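Below, each chain spelled out in residue letters.
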Amino acid sequence: MKLPDKRCAIPDAVAKIKDGDTVMVGGFGVPGTPMTLIHALVAHGARNLTLIKNDANEPGMGIDHLLQSGQATRLITTHLGLNGTAIALMNTGKLAVEFNAQGILAERIRAGGAGIGAILSDIGIGTELANGKQVVEMEGEDYVVEPALRADVALIHADRADSFGNLAYVATARNFNPLMAMAAKCVIAEAETVLPLGELRADDVHTPGVFVDHVTALGELSKEYVVVRR
Amino acid sequence: MKLPDKRCAIPDAVAKIKDGDTVMVGGFGVPGTPMTLIHALVAHGARNLTLIKNDANEPGMGIDHLLQSGQATRLITTHLGLNGTAIALMNTGKLAVEFNAQGILAERIRAGGAGIGAILSDIGIGTELANGKQVVEMEGEDYVVEPALRADVALIHADRADSFGNLAYVATARNFNPLMAMAAKCVIAEAETVLPLGELRADDVHTPGVFVDHVTALGELSKEYVVVRR
Amino acid sequence: MLSDVRERMVARAAREITSGMVVNLGIGLPTKVVNHLPADFPVCLHTENGLTGIGPTLSPEKADRNLIDAGGAYVSTVPGSAFFDSATSFAIVRSGRLDLTMLGAFEVSAAGDLANWKIPGKFSPGVGGGIELAQKARRVVVLTTHTDRAGNPKLRQTSSLPLTARACVSRIFTDMAVIDVSADGFVLVETADGISTADVVAATDAPLIVPDTCLPIF
Amino acid sequence: MLSDVRERMVARAAREITSGMVVNLGIGLPTKVVNHLPADFPVCLHTENGLTGIGPTLSPEKADRNLIDAGGAYVSTVPGSAFFDSATSFAIVRSGRLDLTMLGAFEVSAAGDLANWKIPGKFSPGVGGGIELAQKARRVVVLTTHTDRAGNPKLRQTSSLPLTARACVSRIFTDMAVIDVSADGFVLVETADGISTADVVAATDAPLIVPDTCLPIF
Chain A
1 MKLPDKRCAI PDAVAKIKDG DTVMVGGFGV PGTPMTLIHA LVAHGARNLT LIKNDANEPG
61 MGIDHLLQSG QATRLITTHL GLNGTAIALM NTGKLAVEFN AQGILAERIR AGGAGIGAIL
121 SDIGIGTELA NGKQVVEMEG EDYVVEPALR ADVALIHADR ADSFGNLAYV ATARNFNPLM
181 AMAAKCVIAE AETVLPLGEL RADDVHTPGV FVDHVTALGE LSKEYVVVRR
Chain B
1001 MKLPDKRCAI PDAVAKIKDG DTVMVGGFGV PGTPMTLIHA LVAHGARNLT LIKNDANEPG
1061 MGIDHLLQSG QATRLITTHL GLNGTAIALM NTGKLAVEFN AQGILAERIR AGGAGIGAIL
1121 SDIGIGTELA NGKQVVEMEG EDYVVEPALR ADVALIHADR ADSFGNLAYV ATARNFNPLM
1181 AMAAKCVIAE AETVLPLGEL RADDVHTPGV FVDHVTALGE LSKEYVVVRR
Chain C
2001 MLSDVRERMV ARAAREITSG MVVNLGIGLP TKVVNHLPAD FPVCLHTENG LTGIGPTLSP
2061 EKADRNLIDA GGAYVSTVPG SAFFDSATSF AIVRSGRLDL TMLGAFEVSA AGDLANWKIP
2121 GKFSPGVGGG IELAQKARRV VVLTTHTDRA GNPKLRQTSS LPLTARACVS RIFTDMAVID
2181 VSADGFVLVE TADGISTADV VAATDAPLIV PDTCLPIF
Chain D
3001 MLSDVRERMV ARAAREITSG MVVNLGIGLP TKVVNHLPAD FPVCLHTENG LTGIGPTLSP
3061 EKADRNLIDA GGAYVSTVPG SAFFDSATSF AIVRSGRLDL TMLGAFEVSA AGDLANWKIP
3121 GKFSPGVGGG IELAQKARRV VVLTTHTDRA GNPKLRQTSS LPLTARACVS RIFTDMAVID
3181 VSADGFVLVE TADGISTADV VAATDAPLIV PDTCLPIF
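For the protein sequence lines, the chains are A, B, C and D, in the order given.
If you use the numbering used here, the first sequence corresponds to residues 1 to 230, in order.
If you use the numbering used here, the second sequence corresponds to residues 1001 to 1230, in order.
If you use the numbering used here, the third sequence corresponds to residues 2001 to 2218, in order.
If you use the numbering used here, the fourth sequence corresponds to residues 3001 to 3218, in order.
Note that these hints are calculated values from the structure, not bench results.
Careful: at least some of the hints might be erroneous.
What the hints assert, rightly or not - Below, in silico cross-link-like pairs of lysine to aspartate or glutamate (DMTMM-like), each with a Cα-Cα straight-line distance of 25 Å or less:
(1) Lys3122/D <-> Glu98/A
(2) Lys2062/C <-> Glu1141/B
(3) Lys133/A <-> Glu1098/B
(4) Lys1133/B <-> Glu98/A
(5) Lys3122/D <-> Asp3099/D
(6) Lys133/A <-> Glu1139/B
(7) Lys3032/D <-> Asp3212/D
(8) Lys1002/B <-> Glu3007/D
(9) Lys2118/C <-> Asp1005/B
Values in this document were obtained by computation on a predicted structure and should not be read as measured data.
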C-alpha cells in the first residue's frame, strides 16, 4: 500500500471553482493567508462567490483582491477593522456581510468538518448577536443554535506538506487553516515546501492528508507574505 | 514573564479527587492509558466515582482496578469488548454503564473542553441509540442533542511534557487524551519525560499547558504499559 | 489461517477497493482484506483510534507498544502516515471522507439495514465506532459468513436485532456469494466456486433476485 | 508614548495580574500592560489568534512574518510557548481557562454591561473575539479613558450602545480612577494623582459610591 499523490498545478486545482461557490480562505491577518491561491482565483474569474474568512485582510492584500474584482458578493467573517474598503463595500450594499463571534466562526467551521449539524452555544445570549437565531432549551438553560458551515472549496496555506497532502503550519499562521481544511468538498493547499512522503513526522502532522484534495508547492513567495510595515 | 511551573508529586495531585467525582481517563486500549495515575487513585481510595473512558481496558489493567476495587459505580464509555469483568459488573447491576457512539463520546468531551453546551448530531437517528434523547429540528432535519461532558478531574498520559504542562503524545496513544485534557476542572498529566521549558517545540505541542493543572514525570514504566501478548 | 473459501471471499472483497480510496476495515474478517492489496497499491487505510496510513501488522517482538489499530492489533505505519485524536478520527468518518468501509454483521436486512453491535440478553459490549462508520462512509459493504454458527441465515427480510444503522449496506460478501442490496431487495451478483444459486437461495431468509445471466464465480 | 497619567493607569492595571494567572490583553491600552510585568513574573499571556506565552513585541526588522498577536503586532515567544488553531484558542476562552482579560470600552454601565464593538451608523467592523472574552473570562476588567474625545462620560448608568456582554465587568481602570462594579453600582476605589473625588463624580454619568475612608492614589 502506498498513499496517493495529490500534487497538482495551481491553475488545475482552482479550475474546479464555479460561479456561486462558497469558498473558505485560511489566515488571520497576513499569517496563513493563501495569497497565491487567491491570485489564482482572481485569474480564474469565478463570480458571485461567498467567502468565509476571519478578516478581510488589508487593502491590496489577500481577499481584498476578490472584493476589488467584484467576484465576492458575500462574506462570513468576524472583523473587518483593517480593511476600510471592505467596510465601504458593506456600507454601500455591494457586499453582504455576516459577522460571527470569532470563536463561534471557528466552531461552526469545525462542526462542518466534523460532520455534526450544529453546536449549542450561550455566546451572545442577551445581546443583538443572538437576534434571529434559533434558541433551544436544554436542562433549563437557553442556547443559540449555531449551524455548521461547510464550503465548496477551501484555500489553505501551510508551511510544509507531503505529496499525500499531510500539512503542518507554523506559528500563528495556523489559525483557521486546520479547521477549514476539514470543512470543504474540495480542499486546495499551497505549501511553502512539499516534502517526499515520510519526511513529515506522523506525530507532527496538523492536518491529516485524508482531508486534502490538492497540494501545490509555492516557489518564491510574493511580497504579500512578508512583514507589513504600518 | 515566565510560564508557571506545574510539576507535582503524584500523591499530591490525586489528593484533590473526592468521593462522587467524575473522572475522565485517557487511553484506547493500553496506549495512552495513565496506568500510574490510576494506581494512585486506587491507593487514594475515593469512592462512588463516575468514570469516562473509551473502553474498560482488559482484566487486571488500567481502570479495571477501579472496577475491581468497587470505587467506580458508573461508567460512560463506548465499548467493553475486551473486559468480561466489566460486562459482568454491568449485567449484575453493580456498574451503571452509559454507551456512546465512539465519535460522539469524543465530540461530547471536546464540547465540554470547548465551552459549548452541546452538539446536534444525526448519528443514531432511527435506532435505539437515539432513544430518550432530546431531538431538535433544524432546517427541516431532525438532530439529537448530545450534551457536552465535563469532569471534575482528568487523568492523562503523555509521552513528553514540559514544566508548564504542555503535552505531546505519541502514535495511537493520543486518542482521547487531548480531548479530556481540555474538559476537566483539574487536569493531571503523567508524562514519560518532563522536559525543561522550551524543549517542546511550540508548533509540536498537542495540548497547550494552559489546560493542564499538574504534570508529573513517570520513572520506570510498570508492566502494564508494555506490549500485550494475547 | 482462514479456510480456502473464506480466503477467496476476502480476496474478492479486496477487489472492491479501487485506486486512491480512503478505506476503514472493521475488526475481524475485514482486517484480512489488507493482505490481498499489492504493495504499491495507492490506498489510504484509516483506523478509528487515530491513524491514517496503516502498515503491516507486527509480531509482539517487533510491536510498538503505542501503535495499535481499533481492534487492538499491533500495526505499523507507512511513509506519509498521520496520527490524530479521536475527535479528528471521527471527523474523517462523519464528514464523508471515507470512500468505503468494510464491516462485519450479525444480520443484514433486504433494505440494507445493518445489525452488528448487540444481541439483547447475550452480547452487548457497546457500539464502539461502528454506528458512525455504517451511517457515514460513502459506501458500506459487509463481510460475513452467510449463516451463523447454528446455521441461521444472516441475510434476512427484516432484522429483529437492534440496528447499527438503517439502509446503509450496498453489498455483502459471504462465503457463498456476493449479493447487492437494491431498491427491490437482495440481488445475487456472484457465487463462490462450488455453490449453486439454489444453495444461496436456501441459505437466505429473504427473496433473492437472480439475474437471468451467467454469474461470475469467485 | 503614553502620557504620564496613562502610563500610571497602565502600571496600576498591571498590579491586577497575580502570580500564575492566564491573561488575555485586548487590543489598545491593555496590550501596554505587559511592559509593567517583571521579567521573571510567572504568568501566561494568551492571544486569540493562537498562542499562549506571548513574548516581547518585535520591530519589523526582527519580526517573524508568521508570528503576530490578535491586534496584528509582531510578537515573539517565550520558553514553553505553544501554538494552536482558532478553535482551540477559543476553547481556552469559553471553558474558563482565562483568569483575567483586560479590554477596552466605548461604554460600561453601572451593572457592568460592556459595549466595545459597535457604534451604530459610525463604527461596525465586527465583534471579533471580544464577545467571548467578555462573557467567559473569569474576571473582566476594562482599561479606558474616563471620557471619550468629546468629553462624554464612558461610565454610564445604562449603555445605549449594542452590548458586547451583560454584567461582565468587575473593575475599570481609567486615567482618573479605579472603579469597581458592585451589586449597588459603581464604587470608587482609587484616584489618579491630582484628581479629586468631585472630578471623578463629575465625569461619571451614574451615581458613584464613595467610601468614607482615605482612598489610595495611583
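query: Within a Cα-Cα threshold of 25 Å, do Lys1002/B and Glu3007/D meet the stated pairing?
result: Holds: Lys1002/B and Glu3007/D sit about 23 Å apart, inside 25 Å.
Hinted pair Lys3122/D and Asp3099/D, Cα distance within 25 Å: At roughly 33 Å apart (the allowed maximum being 25 Å), Asp3099/D and Lys3122/D break the hint.
- prompt: Does the alpha-carbon distance linking Lys3122/D and Glu98/A stay inside the 25 Å limit?
  reply: Holds, at roughly 18 Å.
message: Does Glu1141/B sit within 25 Å of Lys2062/C, going by the straight-line distance between their CA atoms?
response: 49 Å, violated
query: Given the hint that Lys133/A pairs with Glu1098/B, does the C-alpha gap stay at or below 25 Å?
result: Violated - the C-alpha atoms of Glu1098/B and Lys133/A are around 32 Å apart, more than 25 Å.
message: Between the alpha carbons of Lys1133/B and Glu98/A, is the straight-line distance 25 Å or under?
response: 32 Å, violated
Lys133/A paired with Glu1139/B [C-alpha distance capped at 25 Å]: With Cα atoms ~12 Å apart, Lys133/A and Glu1139/B stay inside 25 Å; holds.
- request: Would you check the hint for Lys3032/D and Asp3212/D, treating anything up to 25 Å between C-alpha atoms as holding?
  value: Violated - the C-alpha atoms of Asp3212/D and Lys3032/D are around 33 Å apart, more than 25 Å.
- request: Verify the proposed pairing of Lys2118/C with Asp1005/B, using a straight-line Cα cut of 25 Å.
  value: Since the Cα atoms of Lys2118/C and Asp1005/B sit roughly 48 Å apart, the hinted pair is violated (cutoff 25 Å).
The structure is inconsistent with the numbered hints 2, 3, 4, 5, 7, 9, although it conforms to all the rest.
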